[in-house]
Amino acid sequence: MEEKINEKTEVAENSALQNEDKQEVSAKQVIADKNAGVVVKKERILSIDRFRGLCMFLMACSFIFPLFSCFDFLAPVVEHGDKGFQILPGISFADLFAAMFIFVIGLTICKSFKAREEKFGTARAYFQLALRFLCLIGIGILFNGFENGWVDIFLGDKTFSELSIQIQIYSVMFWIAIALLIVYIVSKFVKNEKFKIVAECLFKYTLAIAGILALFFILVATAEKITLPETGERYGGWEWDTLQNIGLAGLLALPFVKFKKGGKFAIVVITFTVLTILMQNGLFPLANSILEGGIIGGFSWACILLMGSIFFELKDDNKKYWTLTSLILLVSVILIVAFDFIAAKRGCTPVYAMFCIAIAAMIWGGLNCINNWKPKFDFFEIWGSNAILTYITTIFVVGMLFGGLLGDQLTTLSIWAAIPIVLVLLAGLTIMNWLLRRKNKYIKI
Amino acid sequence: MEANTKEISENKLQASSNKSEEVVKEEKRIKSIDRFRGFCVFAMLIFQFLKNFESLGFLSRLADHSLENGIVILPGMTLADIIAPAFIFAIGLTFALSFNKWQRLYGTKHAIIHYLERALAIIGVGTFLDLCNKFLDMFGGDYTFNAFDWVVTAFSIIAILGLILRLLALIPSWKRKLSVVSEQIFYVALSCLGIMNIIITSIDYASIVSGQGTIYSYWVTLQGIGFAILIALPFVKAKAWVKFLGALVIAILFTVYHQLGNNRELLDVIVHGGVVGGFGWGAMLIFDMFIADLYFKKKYNALIVSALFCAIGVFLTQWLGTINMGSCSPTFILVGVGLSGLIFVVFDLLDKFHRSKFDPLVWWGKNPIIMFLVEFFVIGVYTSLMPESALGGAPVWLAIIQAIIAIVGLTAFAFLLAKKKKSISL
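Taken in sequence, the protein lines are chains A and B.
Numbers 1 to 445, taken from the working numbering, label the letters of the first sequence in order.
Numbers 1 to 426, taken from the working numbering, label the letters of the second sequence in order.
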């Protein structure tokens, strides 16, 4: 009996989680408060979807265009770092997208946390979000396992035994995760709630374990980088990518989501101050040696995320919103241009983060002004409705299958052959998002 | 019927009382603006005086515009470079208010003529001060007067006569006869000086462009300010967005010219870019007026827009070159507007903490023209008469004593003028 009750509770929790996701995403949904008998209309904030969609679209373009050498003339727009078009010394145009995407996550994190907290309590809300971010890290690292392991093996560049121990683990886990994903998808069509829950948990916790492993290895690698000489024997793995970075930023920001905006701002100011001092005094080369700065850069990315949540709270207070935006922009530009502070996405220096926060806040502020404009085909809103799925699909299909396996063939294509491929890829992603959006299906972790 | 009539008359009464309230509100002095203007004048005069004393170290560098000796705050910009834009900003804050007052009292046509004359007169005063320097040089044997200098001398004498007549008009029995005539003599003479100065500075610039160098050299801060007012005058009654667009168009056109060929270097030859650079200063003043409009609507808008101006200015140094006051570079226009706005916002924020009647910056801010003239004639004469051992070679204690005397003396003078409510404006 007790078992049955527990089972029911778990099922209810699970369906509540799904419902919450649906609520969060549907254009307009009525939440009936049975106790109070009050009907509250929950309006979706279009500007967040549009902003997320804009980031996703630009990110997808930055993956697709570099595949073809005939689009080299676009390189300044899509390349990162020194190769790209420099907006400020050290910051290229393409460097803005990743930070803006994390800013958008910040816009919704507090709302997401509160919704979970109301339903499941504080501890469980923390746990669920931590799991979510660990899963993101896990997905990222398993993709690394595929890209740096199986793609090399398929192309005949390496054998399995030649892979590093970390890549061996990730590449094996990749297939385990794929198998569990298939089981999870199958479970959706089976009318057995327990099976559904088990399949989902197995899939999620596998990803989370991969995430924990990735964190462990990157921590070890960071420590080794500081303590061991360049040529020394290493144990940790220097495997890190965008999804891991997003996950780590979320994890680091998570303890502060319940803080009031003043508290969060204080945390950001302190972190930026300490990091700036350290970066200007020798830490930057270490942060710069790994994509997005690894663990060190993660603190700055977490601050971007927290600032996103602060700006969300300031949404209706134009005075504070725009004052903060303009002052952050001013301080960052002066520090970078006038005082030569190091600005870099790779390493995520605080001044880079500040500049991106200001730009993101300006764009989102602008998008907020057109929230009442609702066209039938809202391109960026469609692209922003299933961001994680779009991102994963893009890096898997475009980055790994096209880039990894067909890279050499694609590079030599003429522009007339490349344009249809690009259009098909972009149209495919648009249609995928449009269909899911139309069916109110939102894939979330 | 009676009730209706009563209602209408009540409405009228209400409307007139609202109007008078608005007028009172408009005319009420905003202390932070006075204080800000006072700070600008104080910085211009006292920092300039401190520049004479090398022993004061950092303090003697406050007024230095050179990148080698000045206090560099942004690429190409020293601390001293912000004072002139800040003073222009102070003008921009009250320009529209002051114009509206004149328009209300004397009509639009009169207001326009008054401000046209006022702008030209400011240039004229600058011309006169330059002439005084040339006289000193001539007496020192370093300079020979040309025909234009003598013409300027003639008009200056007429202006001085006009001033004397204005002073005589203070005698009650002579007021009716002399007041209007003396005022017109004074204004017209100064305006003529202003017009002539614009013409000969244009000739100077043409001469520089053709590689011959300057011929007349009559252009310093006051001329720059006067010319900026002339450029901004057509926009004084415009809505905020029109001001912004107008300033943007002027700034863009000026930027295009500034960035072409070696125009930046050519503009740098004459102080503040001369007449051509004056368009940049004009754009700056119109931007300032735009920010002032925002400020009077919602204070925080001024802060936001100023910060954005400053950020964009610094940002553009990557492509448009460093901030250069000498040529009134586009980046200088933007940073000058933005930074001045930010400094003013600080004054405005501090306003609520200031409750004391002891307000020296307000005294300084009430009579900028007099303070300029006093500085020029009193401090100028003092520094030219004192031996080098008492200035550049003075020990710290002597420099400090002189600085304190200058500060206290000028502040006391400003206080007396403020207390007696004597304010002299052109």
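Derived from the structure by calculation, the hints contain no laboratory data.
Careful: at least some of the hints might be erroneous.
Claimed, not checked - List time: in silico DSS-like cross-link candidates among lysine-lysine, alpha-carbon distance up to 25 Å: (1) 114(A) x 258(A); (2) 239(B) x 177(B); (3) 319(A) x 419(B); (4) 299(B) x 320(A).
Hint-by-hint comparison with the structure:
no., hint, result
1, 114(A) x 258(A), "8 Å, holds"
2, 239(B) x 177(B), "41 Å, violated"
3, 319(A) x 419(B), "38 Å, violated"
4, 299(B) x 320(A), "12 Å, holds"
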